Amino acid sequence: MTFEPKIVGFLCNWCSYTGADLAGTARIKYAPNIRSVRVMCSGRIEPTFIIKALFEGADGVLIAGCHPGDCHYQEGNYKALRRHRLLQRILPEYGVEPERVRLEWIAASEGERFATIVNEFTEQIRELGPLGVKESLAEAMKDDIDHHEEHIEESGAANEA
Amino acid sequence: MSERIGVYVCHCGTNIAGKVDIDKVVEFAKGLDDVTLVREYKFMCSDPGQSLIQKDIEDGLINRVVVASCSPLMHEKTFRNVCTRGGLNEYLFAMANIREQCSWVHVDEAQTTEKAKDLIEASVRRVALQVPLTKREVPINPQTLVIGGGIAGIQAALDLADAGKKVILIEKEPSIGGHMAKFDKTFPTLDCSACILTPKMVSVGQHENIELLSWSEVEDISGYVGNFNIKIRKKARYVDAELCNGCGACWEKCPGTRVPRKGNVHEKLSLGPTTSIYMPFMQAVPAIPVIDTETCIRFKNGKCGICAAVCERNAIKYDMEDEIVEFEVGNIILATGFQTFDPEPVKRYGYGRFDNVMTAIEFEIMNCASGNTGGKILMADGKEPKSIGIVHCVGSRDKHYNEYCSRVCCMYALKYSHLIKEKIDAEVYEFYIDLRCFGKGYEEFYDRLLGEDVRFVRGKVAEVTEVPIEEAEKGKLVVEVEDTLVGMVRRIPLDMVVLCTGLEAHESLPDVAGLCSVSIGKDGFVIEKHPKLGPVATATDGVFIAGCCQSPKDIPDTVAQASAASSAVLSMITREKIEIESATASVDEDKCSGCKLCNSLCPYLAIKYDEEKGVSVVNEALCKGCGTCAAGCPSNAISAKHFEDRQIFAEIKGILSA
Amino acid sequence: MKYTYYPGCSVKATANLYQESIDSVMPSFGVELEELEDWNCCGATAYMSVKELMSFAISARNLAMAEKFHRDVVTPCSACYLVLNKTNHYFNDYPDMRKKLGIALEAGGLSYSGNIRVRHLLDVMVNDVGFEKISEAATSKLEGLNIAPYYGCQIVRPFYYGCGACSDSEDAFDDPDDPICMDRLIEATGATSVKYSMKTKCCGSSLMGTEEKQALKLCRGLLADAENNGAHCIVTICPLCQMNLDIYQPKVNSLFGTKFNIPVIYFTQLIGLAMGKKPEELGLNKLAVKMTEPMKQILQGA
Amino acid sequence: MKLKGGIYWGSGCGGCDVAVLDIHEKILDVAEKVDFLFWPIALDFKYDDVRAMDDGEFDLVLYNGAIRNSENEEIAKLLRRKTKTLVALGACAHIGGLPSLANYHTKQSMFDRVYSETESTDNPDGTVPLEKSIVDGNGLELPRFYNTVKTLDQVVDVDYYLPGCPPVPQQIVNALTAVFNGELPPKGSIIGAGTRTLCDECPREKEEKEISEIKRPLNMIPDPEKCLLEQGLICLGPVTREGCGARCINSGVPCRGCYGPLEEVHDQGIRMISALASVLGPKEEKEIDAVLDGIVDPLRTFHRFSTAASILRRKMI
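Protein chains in written order, with the numbering used here: chain A, 1 to 161; chain B, 1001 to 1658; chain C, 2001 to 2302; chain D, 3001 to 3317.
Looking at chain A on its own, in the form it has when it is part of the complex (with noise of 0.2 Å):
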């Protein structure tokens, strides 16, 4: 089976959650990898939200929000765009190739743009591979293991006895 990517996108209302519906009203067609997280603002888009995605599963996570200047909340789109600069510096230290982290402006009248966006991520991700933070962790950790459990276990019998 091929792999398809798993994509969380995080949208902020009033741009970019409103873009990904007019693609939809324009059934302009694109991939199904993406799930959608709706915020009111890209502000509101904590790193922590992105690497806990990351951590649950997802290959890659896209940020929308308002083009600079247009933030329904004035700046909150500056935020996103600092917070994501300098997780960016991160992710390569977990190993993490920092493309799987996305952030991009998108108005509410570019459904066009959304689909096109996506589908680029989405095959940009394909190319990467599965990311696999859980199963990575479990191998990175196979061989962590006591192997005197069972000797307390006995030991445990034993006193009981």
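To be clear, the hints were calculated from the coordinates, so they are not data collected in a lab.
Every value quoted in this text rests on a predicted model; they were computed, and no experiment measured them.
From the three backbone atoms N, C-alpha and C, an ideal C-beta is built for every residue, glycine too.
Check before you lean on any hint, since a few could be wrong.
[Said to hold, decoys possible] Computed cross-link-like contacts, EDC-like style, restricted to lysine to aspartate or glutamate with a CA-CA straight-line distance of at most 20 Å: (1) B:K1608 <-> D:E3285; (2) B:K1522 <-> A:D144; (3) D:K3077 <-> A:D143; (4) B:K1347 <-> C:E2212; (5) D:K3206 <-> B:E1362; (6) C:K2141 <-> C:D2096; (7) C:K2068 <-> C:E2032; (8) B:K1529 <-> A:E75; (9) D:K3206 <-> B:E1589; (10) B:K1529 <-> A:D143; (11) C:K2213 <-> B:E1471; (12) B:K1347 <-> B:E1326; (13) C:K2217 <-> B:D1541; (14) B:K1474 <-> C:E2227; (15) B:K1522 <-> A:D70; (16) C:K2259 <-> B:E1471; (17) C:K2201 <-> B:E1463; (18) B:K1608 <-> D:E3208; (19) C:K2051 <-> C:D2023; (20) B:K1532 <-> A:D70; (21) C:K2286 <-> C:D2023; (22) C:K2201 <-> B:E1466; (23) C:K2012 <-> C:E2281; (24) B:K1317 <-> B:D1292; (25) B:K1476 <-> B:E1466; (26) C:K2002 <-> C:E2035; (27) B:K1077 <-> B:E1579; (28) A:K29 <-> B:D1108; (29) B:K1262 <-> B:E1294; (30) B:K1613 <-> D:E3208; (31) B:K1522 <-> D:E3208.
[Stated by the list, open to error] Have a look at the derived ranges for each label pair, beta carbon to beta carbon: (32) D:Y3104 <-> B:D1034: 56 to 66 Å; (33) D:R3216 <-> C:M2001: 50 to 60 Å; (34) C:D2177 <-> A:G132: 50 to 60 Å; (35) B:R1455 <-> C:K2213: 27 to 37 Å.
Put chains B, C and D on the given structure of chain A with help from the hints.
Only chains B, C and D this time, still in chain A's reference frame:
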């Protein structure tokens, strides 16, 4: 505690059911934790669909609702109301968007169905953690602030005042009237501008419900819908408004020169007196002069005092100072208007280099009967021009300056042609890209002009130059233009060129908008609440817009929008109270350490530090619920209601559970 | 400051006086121009409207060869500047064209990533060297000399590196509507720059070969505007502009009955004169319209 | 009757044991109330002595240090069985501590570095520790070195957490007193620390923040009165639990985060990223990057003590 969640899957006719396997989705939803019942229906938003949900709530079968249908932007309100009617708090409802972002945009049925499942699981997990929120109401102060005394502000103020509501109208110039007061005639009816505007200005000045503050600026705005606190700076006029009777003795004797008395005709253009103490034009309201301190001899070197000497009522007060006055209002109407594009940077049109290249507003003033040319059309040297070119779209529809169409230039250009033809015997050329004559009576006006011997040349003017090639071009301004209808480049020698400078938001707008937390778009105009359905409101409750601060518009549209804004304000005042956003941020004071990190994050200044408690607190009346502070709070002391961390985590888990 | 030098065909032939002045002046400013080996004609502006793909392809060959040096390409010719930049622009902004050009280059064993910046020598002088250095080097200030800076129409066109068709890109080195960098350069030599309207107007370019009368008409306008505004001479930055205004000046006079006698020199020659170099060293002896008496006097005074 | 107590160190530096001794004369009060039956750093007892005890015989065991190898895990599990109350003492047991910075490497890469690559290593035969080896005919067994460092509660159930690197002695006294008086909070609580972040007890003046340059303590002398973060120093105080008495802050050194995050903060380091980035001055990408360039080794700075307890826990392999 386990919740009883009801999941309602909508077919939306075939819109969803055509792509999503409803049976599979229903079966899947039944298996989710806390889900007690799952129903499907053809149109969930229809009356029977809504009743299904309402009945289940009333029967006590469920205490949380998930509707899987269209976008929440479409029907969230509808289903929230259903919950309320059923007796369930509307915030115990969540929506899965399986239409706009699922069935409508994907091709493969199996994948679309899988996505629908994931979105439903996310909503189910989320709704389980949602908490009831209470609606909040604040009272509305019936007084209104109108910023800007052009025709938009005048109309809005009069509408409100006539309805018996108090209005504070502020204008930064010495008189109200705005741009309209500078016009001679208005298109397409050729009404005399002064004749229709002056009575309105006078009404404003005399209205018992309007407090007019001219020569004043907004200093500060704080508070929130229904309860704004306003600080206004009344600039010193140096003339006591109580004593002055507008007799004019002062400016008749004033030796100072505000508008140069030497120089060519175009440089000397003015509507009112050219002296340092002046009224901007003779019909000014209030009819009280003001001293221009930049040019007043008294203020420059203390050596004059003529105006004070000639004033019989002793109204001149050189020691007057700016005064700050404060008001409380419930609503604000922004009507800051426009300024015209400065064509100087468009070097190829030669404005500033050539005497006889003038802007539209200069041409208006020259045409105005009450101006100092007496409405005569003259070249800089005082002679009558024999040929005039009118260049459209200067600074408009141009990626280098403003991309938008300024909407009024085509029509005022046509008006100019008519006025020129009426007043003098000159050839008139209109250089246009497209003629946009869309309003009532506009196309007819254009048609009329076609019969008035005006030369229409379709093409964007490349250049206005003084360098002659042919003999006939010597001593003339030459307009070089590609006539796209003829298909050739033409050089047309002219005596005078009028640049149809576009409309831009007034330079004072960003500051004022900032004070009311209203956003400015990249075109420089205020972003309205909705471009189609909310054109007079803004994203900030209680702040409305009228006229050219929203976009370029003509007088009829401005007046219509001003009336719309005032009726929106009236509707607010009449209901006396307003519900405000429930999904706000709130600070857990037990967790807040008072680090003040969040204080600068709020665009609405809703977060303040409470010195006594040593914690930051959110003024929920000001909070719009963007959640930026919650994301920035290092100790998780701030939670964004309805978008709490745990709710979003649950959603993420749900999305990725498959 | 080292650059890859793309001289273009003109300076190797008719405009060798331009090259002479470049060779004479540039080393003093630390500008090292390393000529691109095996360069070919850019196709000039005319070819582009005849065979677009072919013209881009031959132009792209130069860019591809220059890429391995990772330096800016500098050309003294406005036409080369325009064509190479336009090629870059089409290569970078039109995926179809990029593909086709990629195939063409591959056939020649070359490849291009689109990352070479093409600059005019004037850009290098005013932005990399700077007016201050020029002013320092101009020991013989040309006070009293009125010079009309002639930018020509090609350098100000909006095909700047990598920016699509926008003239307000930060890569643009001067205002396309109202360029002033050469005015400032003239001031730096102590001379006075003449303000005139036609400074960015076309000289007729290659029309001189096909529609001579039209081209001469354009030259006449230019010369007239410069003269009316009191110019002693015209300074240009493009071999074709110089040739049209200089060599064809007598023809303009005979056709239109005018009496123009305005020397047309290159900006590098101007800088050389201000540095006190001998006219012959700068190729000034090869002008068709010789330096006029008033000019000579000012130069001697300096 | 005296209580039966034990103190154990897993992968740690011993600082926590010393912190216990640092309660000075109060140790006598403790000794009056508690019989220490197991405290490897101070008293000679054997694992077998513990194994011989009844399950739940200890009233209280303080476990400090992270879980780095199988021995740490084995004894953690043993003590869990033998005690009524198990307390994770110190940052390592609580959130992984400094040892968990090793999670950005693998066992192999660390062995390579330590046993062959360091500049001072002289190991021509490439000898590395083996789990089983024969020396002079005698079998020798070493615990297994884990790939991933864990917190105590990632291997056993923990009753209470006493954070800090090391915990402040007074907080240890407070916690022990609570045990003696039977005044313990609900299981799973943090004891010996506050409920807010360090800024609450930090005496420095705080204003609204806008940071346009990141600085390092070695390059500046901070204003003694003002918030360190506002002065451009990366201070983890805003994301770190109070309780230490702001000891570093008072010495002009920014907080490094040893007391761990507040409840419901899922990831201390990532939280700091969000908070810090929120209050940076610039809006343009290039300018933002220029400010961020000032942060040396951001991930380890933000996760200095909490890597093992962070969401991703380690570098992917």
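Are K2051 of chain C and D2023 of chain C close enough, with their CA atoms no more than 20 Å apart? Judged against 20 Å, a Cα distance of about 34 Å means the pair is violated.
Given the hint that K2068 of chain C pairs with E2032 of chain C, test it: the Cα-Cα distance must not exceed 20 Å. holds, 17 Å
Check whether the Cα positions of K1347 of chain B and E2212 of chain C lie no farther apart than 20 Å. Violated, at about 30 Å.
With the threshold set at 20 Å, check whether the alpha-carbon distance from K1522 of chain B to D70 of chain A stays at or below it. holds, 7 Å
Proposed proximity, D144 of chain A with K1522 of chain B (alpha carbon, max 20 Å): The hint is violated at about 57 Å.
Does the alpha-carbon distance linking K1317 of chain B and D1292 of chain B stay inside the 20 Å limit? holds, 13 Å
Holds or violated: K2259 of chain C to E1471 of chain B, with C-alpha atoms at most 20 Å apart: Answer holds: K2259 of chain C to E1471 of chain B is near 17 Å, not above 20 Å.
Are K1077 of chain B and E1579 of chain B close enough, with their CA atoms no more than 20 Å apart? holds, 14 Å
Between the alpha carbons of K2201 of chain C and E1463 of chain B, is the straight-line distance 20 Å or under? OK: K2201 of chain C and E1463 of chain B at ~11 Å, within 20 Å.
20 Å limit on alpha-carbon distance, applied to hinted pair K1347 of chain B and E1326 of chain B: violated, 46 Å
Are the Cα positions of K1608 of chain B and E3285 of chain D separated by 20 Å at most? violated, 29 Å
Would you mind confirming whether the straight-line C-alpha gap from K1474 of chain B to E2227 of chain C stays at or under 20 Å? holds, 15 Å
Hint check: violations occur at hints 1, 2, 4, 5, 6, 10, 12, 13, 19, 31, 32 and 33; the rest are consistent with the structure.
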